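Since the structure of chain A is already known, use the hints to place chains B and C on it.
Chains as they are written, first to last, in the numbering used here: chain A, 2 to 364; chain B, 2 to 364; chain C, 2 to 364.
It is possible that part of the hints are untrue.
As the list claims (entries may be wrong) - With a Cα cut of at most 25 angstroms, we get these calculated DSS-like pairs of lysine-lysine:
| hint | chain 1 | residue 1 | chain 2 | residue 2 |
| --- | --- | --- | --- | --- |
| 1 | A | Lys329 | C | Lys192 |
| 2 | B | Lys192 | C | Lys192 |
| 3 | C | Lys192 | A | Lys46 |
| 4 | B | Lys46 | A | Lys192 |
These aren't lab readings, by the way, just hints derived from the structure by calculation.
From a predicted model like this one, the values you see are computed outputs, not experimental measurements.
One letter stands for each residue in the lines below.
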Amino acid sequence: MSYTVREIAEALGATLLGDGEIRVVRPAEPALAGRDDLALAMDPKYADGLAGSSARAAIIWDGADWRGFGLEAAIIVRRPRYALARLTRMMDLGPAIAPGVHHSAVVDPSAEIGPEAAIGPLVVIGRGARIGARARIAAHALIDAGAILGDDATIGPGVRIMAGVRIGDRFIAQPNAVLGGDGLSFVTPEKSGVERARESLGDQGEVMAQSWTRIHSLGGVEIGDDVEVGACTCIDAGTIRPTRVGNGTKIDNLVMIAHNVTVGRDCLFAGQVGIAGSTRIGDRVVLGGQVGAADNIFVGDDVIAGGATKILSNAPAGRVLLGYPAQKMETFLEGARNVRRLGRLIDQVARLQKAVPKRGDDH
Amino acid sequence: MSYTVREIAEALGATLLGDGEIRVVRPAEPALAGRDDLALAMDPKYADGLAGSSARAAIIWDGADWRGFGLEAAIIVRRPRYALARLTRMMDLGPAIAPGVHHSAVVDPSAEIGPEAAIGPLVVIGRGARIGARARIAAHALIDAGAILGDDATIGPGVRIMAGVRIGDRFIAQPNAVLGGDGLSFVTPEKSGVERARESLGDQGEVMAQSWTRIHSLGGVEIGDDVEVGACTCIDAGTIRPTRVGNGTKIDNLVMIAHNVTVGRDCLFAGQVGIAGSTRIGDRVVLGGQVGAADNIFVGDDVIAGGATKILSNAPAGRVLLGYPAQKMETFLEGARNVRRLGRLIDQVARLQKAVPKRGDDH
Amino acid sequence: MSYTVREIAEALGATLLGDGEIRVVRPAEPALAGRDDLALAMDPKYADGLAGSSARAAIIWDGADWRGFGLEAAIIVRRPRYALARLTRMMDLGPAIAPGVHHSAVVDPSAEIGPEAAIGPLVVIGRGARIGARARIAAHALIDAGAILGDDATIGPGVRIMAGVRIGDRFIAQPNAVLGGDGLSFVTPEKSGVERARESLGDQGEVMAQSWTRIHSLGGVEIGDDVEVGACTCIDAGTIRPTRVGNGTKIDNLVMIAHNVTVGRDCLFAGQVGIAGSTRIGDRVVLGGQVGAADNIFVGDDVIAGGATKILSNAPAGRVLLGYPAQKMETFLEGARNVRRLGRLIDQVARLQKAVPKRGDDH
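Looking at chain A on its own, in the form it has when it is part of the complex (with noise of 0.2 angstroms):
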């Protein structure tokens, strides 16, 4: 497929520059890009690539000598990562799944399926479930028993979608993503040394030999639309209501969210992330690689937390946190570079204690 340098400017509502009937076929960094190609070279610092290059057209940083790097034509935008948003799901065919239901596919006859769907090979499709419109299912995913999954549903494959899962439309899972687990909610029958420990902060008095008993989870999981959720992400069942994540969060890879946890609107959650069991998290809070919070806390609206981050207790809104346990962002890195002068100042004190007479003598 090959696309006229016009029909993407137009897409990208951005300036066209010379020859708008110059066709690319997809979008390549300039050191790398061939005659076919859309170099992308929206900041000056790619000026080395695209002098190098053969391409005969690129998106441009603004005010760049576009003929003098024998470009043809050269498309200037505002915002360069909202434009490659655009151009690359303009370029985007999507998983390939044939339209229809695929002849391996065990599809419950009691199964509702939407207009338009594309259900790959060896998919299953339990009793009851209800699949909205154009629904794109790939090989070997589940949607059990009575799951209900909205319009324009991309489900990669080897997802599990399990019973009493409930989701919004334009979903989009990665491979083998987990959604409606159980929760890991376990009881013993007299208080056990976790409980005192958590109530005395690290006393778990005396030791006692028992077992676990399950608590079973009843409350299944309920998505909003536009949520997005990554490969081998978890999102477990709550206990007697559901595990919920709000419209518009976005999640990436082998992230996990426990049960009964709420995730509001418009989230980012970075790869390996977890959040523990009961947690509520507000709009709009970011939260980058390997993040973990606790359980039973709240994390306000618009929180920010970089990578690593061990969130412990709860987090008022607007807050950018980094560091275990969490502190303000300035606050941590002070705190690491303030360590790194604590030789220095263990023998500082130690010099003092000798130049200076013990309270008590004379002086």
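What follows is chains B and C alone, placed relative to chain A:
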């Protein structure tokens, strides 16, 4: 399915007050509970929710004025979470897998499957695999050649139980869990920088380009009775002896148990825990989310580690840990507090240095 | 299958002592070794185990009195772990997948499959996919449309190799690994709080409600020769150029390699490592379990990072790291020690302040 309040009270061994013939369908949070729900209000904090609810029956806190909340029946329990375990077990209908072997499953003729099994669509069971009585195996799961599974197993969709894995009774695996993959075990022809850095605690010596040679995993995995494993959790095969998990241990999602690890009985590991190769974990050890344990160490019985603790060396029995590196919980929290005071301390020392004549100066 | 001790000694290039015609079936730990096992006792610490064993043959440490342990044959090797690699390779029969294409597999007619392939039950191979010679592809795996796989691949069950992924020879993927899922790449119409917080190191400015717009991943994944990938590990597709992993790199379970990352050759990543978007990792880099690397940084050749290190900025070649944020290993360990002394230091400074007259006071 519905239950009388009397049936529930009897199943919980609890005190029934009021009309035991009222029927309820499911448990619910007080504020959300309708006429057919059993409101769960085991704590006075639910009083407001209960007041606004249309529930006719509830499990209430001891001493509640249940008639004052408009209830017609009430149940009083001794240990609320334990009651929740029994109640949710009673009301969990389990995965919807039809009895018998689904026609689309691929079962090797030499595999042995116990009575009353339910084998779902597109399941694969390999040569010589043995599966106990009453197994429920969901869609797309694999029980590989020679694997052994005890009675009453519940295997989620997409679970991989590889050759050389032996599992006891009442095993539960959530979707896409992997048991018996190969361990990450590699060696270089000559001593590697890692080996030298470990010996010297930080100096890898002269760098040498070497490639990694694989040590294959022949030892399999051995799992006790009453074990649970979460979604996308991975337990690797041992090298020449099995990786082991003891009776009654419960493991959450996305947990990594490396090759040759031994985990004791009745442990509880939360999401994203990682145990590195050959480490031994005692009995009743509780690890919070994202806890890590280094390779070749020993973590004693009844250790409790809070979220994100990184255990880099042996931990004595009964210790309550937090931090990176792991410390006694109170030591870590005190250290974090002290680091926040460090800026002020540095200033104080600087002022003292100005105030105190240099050692050797005259007074 | 069994082997003579002579065959094993020859395969290991090792010294044989005693009766080379004794046959053994498998390696075993000394204390557990029976008459048909080859006891692995490469270190004097195994002397007690060996003394109690009924093994007739062992690999022993140099200088051991092997006849005194009742052995009839012994093998002496130079580098024990390297010998273990050769021995386990010799004795690993590999996954049990029948030669040819299983009748239940769904293989697109346009896919090319090399000679001597073994394609397991319920495998899906998409349009135009190309698979090299002698591939072994286990149950429920997916090789999606257009993906390319070199010779001698071993693909575990449930592995997802998506469109746009190109892989070299001798690739090994453990169960449920995912290559070529979409990256987490989103942009807001206007500058986001995250972008502002990064620029200011902590201040996100005025909060603005915005939704995330998707940047699609068109760049695929490119994997070299002799690469291994662990269970549930995820390597995302690049945006406009491929995410890359170099020859000889070995990756453990539950690892996250984000979009546009470049990993060099002969690296070793332990379980739950996470590399954020666009970061470049050099050659022979070794990352312990749960290590994280921030996005858009560079980690130099031969860096070694201990377990749970969080690399937040560029790391020079050859550095040995530990901690959060990552520091030289000895600096981090010294810092942790110093923090534990901080309480006492604070007391010392308080006493000094009492002892020393305020600056400006008379002496």
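Against the structure, the hints:
As the CA atoms of A/Lys329 and C/Lys192 are separated by approximately 21 angstroms, the hinted pair is consistent with the 25 angstroms bound. Pair hint B/Lys192 plus C/Lys192 does not hold up; C-alpha atoms about 50 angstroms apart against a cutoff of 25 angstroms. Simply put, C/Lys192 and A/Lys46 have alpha-carbon atoms about 20 angstroms apart, close enough for the 25 angstroms limit, and the pair holds. Of the supplied pair hints, the one linking B/Lys46 and A/Lys192 holds, its CA atoms being roughly 20 angstroms apart against a limit of 25 angstroms.
Taken one by one, the earlier hints fail for this structure only at number 2.
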